[in-house]
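There are 2 protein chains.
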Amino acid sequence: MAEEAAVRAQADTVRRLKQDNADPDQIAKEVAKLLEMKAQLGEDEGKHKFVLKTPKGTRDYGPKQMAIRERVFNAIISCFKRHGAEVIDTPVFELKETLTGKYGEDSKLIYDLKDQGGELLSLRYDLTVPFARYLAMNKITNMKRYHVAKVYRRDNPAMTRGRYREFYQCDFDIAGQFDPMIPDAECLKIVHEILSDLELGDFLIKVNDRRILDGMFAVCGVPDSKFRTICSSVDKLDKVPWEEVRSEMVGEKGLSPEAADRIGEYVQLHGGLDLIEQLLQDPKLSQNKLAKEGLEDMKLLFEYLTLFGITGKISFDLSLARGLDYYTGVIFEAVLLHQENEHVEEPVSVGSVAGGGRYDGLVGMFDPKGRKVPCVGVSIGIERIFSILEQRLEASEEKIRTTETQVLVASAQKKLLEERLKLISELWDAGIKAEMLYKKNPKLLNQLQYCEETGIPLVAIVGEQELKDGVVKLRIVASREEVNVRRESLVEEIRIRTSQ
Amino acid sequence: MAEEAAVRAQADTVRRLKQDNADPDQIAKEVAKLLEMKAQLGEDEGKHKFVLKTPKGTRDYGPKQMAIRERVFNAIISCFKRHGAEVIDTPVFELKETLTGKYGEDSKLIYDLKDQGGELLSLRYDLTVPFARYLAMNKITNMKRYHVAKVYRRDNPAMTRGRYREFYQCDFDIAGQFDPMIPDAECLKIVHEILSDLELGDFLIKVNDRRILDGMFAVCGVPDSKFRTICSSVDKLDKVPWEEVRSEMVGEKGLSPEAADRIGEYVQLHGGLDLIEQLLQDPKLSQNKLAKEGLEDMKLLFEYLTLFGITGKISFDLSLARGLDYYTGVIFEAVLLHQENEHVEEPVSVGSVAGGGRYDGLVGMFDPKGRKVPCVGVSIGIERIFSILEQRLEASEEKIRTTETQVLVASAQKKLLEERLKLISELWDAGIKAEMLYKKNPKLLNQLQYCEETGIPLVAIVGEQELKDGVVKLRIVASREEVNVRRESLVEEIRIRTSQ
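The listed protein sequences correspond, in order, to chains A and B.
Mapping the first sequence onto the numbering used here, position 116 (from 1) lands on 116, and the numbers just tick up by one.
Mapping the second sequence onto the numbering used here, position 400 (from 1) lands on 400, and the numbers just tick up by one.
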């Protein structure tokens, strides 16, 4: 093969350059070329083994899945609109440096684009960083917006549990300098409204504050430099038991056993206003400025949530940490409490379906002068919600239509294609949703069967006699009733019969 | 700097490995590491020069642009639904090999993802190839679907004219074995409906057939091997004059001047049924099997388009070629005839706003057994349409609302935050779109001003007297009228006053 010869020649070139102690950059360039040629060759050899699939961790949405997706989106977006949000959209990729330094340990999960000349790009990892970039770029200091779009994470997919590498986030954020906890409370109200609306079963919204966590770390004796990494360990508490987290803190991260044990006492606490009051009296925590600020704001937050009547599903939980680096105040996460479908491997914890928090420093990282725009927001992770609704739908055997077609234009005899085309064109132009079979002479039975299969409720049948009489025979599929309708009244008749 | 020292150490490692004539793969690995460290260092140095922008050829959509976008999407999607299409969605990236060999000379414009271990991926270039992959993967032989999503091309952006590297396509396709030209005619009807609906001014849909083109090339004496590349040259005729195209054919592509001149005579022809009849009598063309098939189908197509009543805007045009490799039959392209806004640099040709055609071989390229599924489809390119509507809106000074908020919950006195929170929560729970200012004690004037700015039509004002009386003062922003409404009737009153 010619390609193989070319690869050998390139290998020779590389060898020669190295013997000659050539410029390292030139050698690197030729080595890269060699590796690419080898990869290319491997690809060509594998052509007959072409794999027909979507990339790992991704999936297609067929018409049935799309119908479920639309329902969920509608519930979420109408809630966002109810709260007065505007909508924006941003590109699917950002300059690589826009994402750099925003996600802490998760940064390794970012998808980079290949350097094909020009800018270095990465796929967006969430919608929060692009929003902060948008605010800074347009010098906006005040905005309430939602954004529904796909984000990308090179994580280990667990698709049966709704964990993908490409997935939708539905974000609502409030940017601006306001009186404390009012926008924060609204974000929690939104989560409560959406999860109630979707009827996913019982749920709990855990709330904490980064300032309380940091204060707690300080009074437990965690050195400043270890705050973020110990925070990452605490974040695992919803998945692994305390003993494991403790040994990670002490073993891997070098925390003293005493400090770890002190943390262990705090992180098992959860409750409501009572717990907040109790901690405000805690001799150590109440002496820490950050923790005190956080606890006082938490108290205010709970007062507002009481006015909203939603404290029943809110738990102040000292074990909630959230992985991302950019949070600075209140953080929260909503979990579904039990899975109603028993076919799923892990019936107890469906995991988080929404999360968010306050990030007052992120916009400032983009502003050339470091001007801060305080923000708080919530992100609804809908893939898990999809998984649940999809399984529920399958179990229920409910039939969902995947089109909205009102009428099939059919013919009872041969040679009426032209008449069908004329009629369907009239219907389309009048705004009626209409289909016909793409056959010159379809059998009536096949046309009726198509309606049964796809749920089309009406059939408009053209026949020679009807054409002479200036009527169309309208058949109601469900009842098999047939009525002759004057051609000029057909549109109105279809509208009446399909309006509910 | 510690980083600089690390880079120097790595450079030493590379030098040593080369001197020792180490394994080339290991050297390559270390060189790659070195280059990455250098890049990293460059990044760090450049931190203060951080550029706040979206990637080249992309843009954000702010709330105003989104409002226009929604309008356009609604027009297009309701047309697709009117024609009975289902909807699907596919991942934004595909396996690289899925896209390989589908786009001819345009393949160089594909965005590849960086090889971070695992599969090699590319961003989708259009929605047609993913659709064909979807059909083959799910063994679907029959489907009418639409898909609205972003696609990616590393092209030279010309953003003022609506040419981007990330842009939306709105695709409608019909897959399946049917009687000739019926689905093809429907695709043209759809383009006609959408462009009429959007009121973009006069438009023309050019139609041709790859078989007519290939037959024409054959009778003009173009060698088989040059069909595709000469087709690419013809494709440029909407942008450059014939003389230039001719010299590309003869000079760059080695076509004989005589063959080029014969092509030159054909490609200036355009018309309707008359031209089709004339070419069916053409002594050379009519002898070519492919051309004859294409011309006979074109005649059938025009008969159907006559029944649809849309031939007035359709032109059979022998110069239309379309760049993509996968077309096998009818091809078409819609152009706007003149720009109504004069601020644009090129007032005459706005360029193509929709295109499509028949691709009967593409699904077979994915099927392990090569089973074919004939397809025809249309793609609406909405960025140019956006550009036009955006400019028109700016010129008109029409004010568009970017939220749907019905009522602002306000207070006339201080210390009523709790009451505002209680009332707004009631309204949200009743499905009313409501906002409030996130301030403890906002001034009434500021609250009214916010309504003026954002177009909120109603204000629900809580005051101490009203609370005692069990009423809320409802103010109509436009008329400044104020009425007291009993609290239990407030939701109903807001609904009535905002329902048109």
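Some clues are possibly wrong.
Since the list gives no way to pick out one identical chain from another, each pair is judged satisfied if it fits inside one copy or across any two copies.
Lysine-lysine pairs mimicking DSBU-like chemistry, simulated, CA-CA at most 35 Å apart [unchecked claim]:
hint, residue 1, residue 2
1, Lys18, Lys284
2, Lys468, Lys422
3, Lys414, Lys33
4, Lys64, Lys473
5, Lys29, Lys18
6, Lys468, Lys299
7, Lys299, Lys443
8, Lys56, Lys415
9, Lys96, Lys313
10, Lys443, Lys108
11, Lys53, Lys29
FYI, nobody ran anything at the bench for these hints, they're computed from the structure.
Next item on the list: Hints the structure violates: just list their numbers, smallest first.
Entry: 1, 3, 8, 9, 10
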